[in-house]
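Take each chain as given, in its own frame, and dock them per the hints.
For reference, the chains in residue letters:
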Amino acid sequence: QQQVKQSPQSLIVQKGGISIINCAYENTAFDYFPWYQQFPGKGPALLIAIRPDVSEKKEGRFTISFNKSAKQFSLHIMDSQPGDSATYFCAASSSGGSYIPTFGRGTSLIVHP
Amino acid sequence: EPEVTQTPSHQVTQMGQEVILRCVPISNHLYFYWYRQILGQKVEFLVSFYNNEISEKSEIFDDQFSVERPDGSNFTLKIRSTKLEDSAMYFCASSQPGGANVLTFGAGSRLTVL
Numbered sequence: 014q015q016q017v018k019q020s021p022q023s024l025i026v027q028k029g030g031i032s033i034i035n036c037a038y039e040n041t042a043f044d045y046f047p048w049y050q051q052f053p054g055k056g057p058a059l060l061i062a063i064r065p066d067v068s069e070k071k072e073g074r075f076t077i078s079f080n081k082s083a084k085q086f087s088l089h090i091m092d093s094q095p096g097d098s099a100t101y102f103c104a105a106s107s108s109g110g111s112y113i114p115t116f117g118r119g120t121s122l123i124v125h126p
Numbered sequence: 067e068p069e070v071t072q073t074p075s076h077q078v079t080q081m082g083q084e085v086i087l088r089c090v091p092i093s094n095h096l097y098f099y100w101y102r103q104i105l106g107q108k109v110e111f112l113v114s115f116y117n118n119e120i121s122e123k124s125e126i127f128d129d130q131f132s133v134e135r136p137d138g139s140n141f142t143l144k145i146r147s148t149k150l151e152d153s154a155m156y157f158c159a160s161s162q163p164g165g166a167n168v169l170t171f172g173a174g175s176r177l178t179v180l
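Sequences listed follow chains A and B, in order.
The first sequence runs 14 to 126 under our numbering.
The second sequence runs 67 to 180 under our numbering.
For reference, chain B alone in the conformation it holds in the complex (with noise of 0.2 Å):
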């Protein structure tokens, strides 16, 4: 069965510090998307990806956040100076919409900023 896969699994950083989050999308999914998890809270949306843009994005996702496609397999989420309260699980997901927006997530990388 197809499956998103994202890397890394767990990933510690200091605060500040550059991280890039990937994920491979299922390969004839057009959309794309990154929600995060706060340890105990809810799914949050972050931001979805269509035909190489951004096509929709919540509050969270200011400035220090950035996501690109860029080989045509792998998205990318960029969390440019990492901040305390970025630590979280980040899933990825894909969908490929037709009536019903059915996502398929990955299993998530685990953030720690220090």
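Just chain A, with the same shape it has in the complex (with noise of 0.2 Å):
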């Protein structure tokens, strides 16, 4: 009920390309749906998140897709650059419960230039 399913585990794109990565989950009382990027050495840092009031955030070239219906969310990088090369987590919270983000198993992006 918990968990979050991301896929794919690690994913290899052109520069200039579009990277996607796709997470699904169970619980329909998440309401936050948070990404994190993570660089090697460092912590996950938040991308970018949405609410499941919209179906639609963008912010520069990082889109969330959102689906209600089919509880699924995907992370959509536009132009993607070297410097995006990093690993990827898509997570999930209540605010009607405890917060406290369930994670994803994370994406390995490599963007060859």
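Source of the hints: derived by calculation from the structure; they are not laboratory data.
Glycine residues also receive a C-beta, built at the ideal position from the N, C-alpha and C atoms.
Among these hints, one or two may not hold up.
As the list claims (entries may be wrong) - Each computed DSBU-like pair below joins lysine-lysine, with the alpha-carbon atoms no more than 35 Å apart:
no. : chain 1 : residue 1 : chain 2 : residue 2
1   : A       : 81        : A       : 18
2   : B       : 108       : A       : 28
3   : A       : 18        : A       : 84
4   : B       : 108       : A       : 71
5   : B       : 123       : A       : 18
Said to hold, decoys possible - Stretch-level coverage of chain B by chain A, calculated; a stretch enters the list once three of its residues show a Cβ under 8 Å from a Cβ in chain A:
no. : stretch
6   : 108-122
7   : 167-175
Structure follows, in structure tokens:
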């Protein structure tokens, strides 16, 4: 019930391409869906987040698409750059519960120059 | 920019030994967390701490684990008798909740149990 399933585990794209990472959740009480970005040697840092009252949120080259009925959300990185190479984690939490985020497994993204 | 500081960055210990991982959360944050990540696996919640007591803990956080905030700034995770399967990256995080619980993570402490 508390799981957040993330795919793919690793992703390689060319510079300028689109990176897409998908997540699915089961708990319908989740109402906050952040994405965290982690560079080697650093802790995860909040990248972008969405609430289920909207289907899409865009910040620069990063877009979250949210499908409430399918209980899925995805991160799209447009015009991917080598500097985007990192591990990306999706997460979900419930404002009506403990607030504590449940994380996905993570996706290692490599963007080739 | 304020950050969460963790020490040590890497610790190697023998099975059965006690380990203390230390964290300095962001000064005006009120909630503190420990997560762990076994290599190649998901980031797993261990425990949250608020108002000088555990507010929530997972099944992983059994009797061999303990947390405390000994001096109002440090937040520690103690593993009393380490096992091989405790080898993981341990992340400390803190937050100032208010609608959206945005966690600020430290860089992690890698624990290797031999």
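Verification of the supplied hints:
This hinted pair checks out: residue 81 of chain A and residue 18 of chain A have alpha carbons roughly 15 Å apart, not beyond 35 Å. Pair hint residue 108 of chain B plus residue 28 of chain A holds up; C-alpha atoms about 27 Å apart against a cutoff of 35 Å. For the hint linking residue 18 of chain A to residue 84 of chain A, the alpha-carbon distance of about 11 Å falls within 35 Å, and the restraint holds. For the suggested pair residue 108 of chain B and residue 71 of chain A, the alpha carbons sit about 26 Å apart, so the restraint of at most 35 Å is met.
Between the alpha carbons of residue 123 of chain B and residue 18 of chain A the distance comes to roughly 21 Å, so the proposed pair stays at or under 35 Å and holds. A stretch counts as covered by a chain when three or more of its residues have a beta carbon under 8 Å from one of that chain; for the stretch 108-122 of chain B and chain A the count is 7, and the coverage holds. By the rule of at least three residues with a Cβ nearer than 8 Å to a Cβ of chain A, the coverage given for the stretch 167-175 of chain B holds, with 8 such residues.
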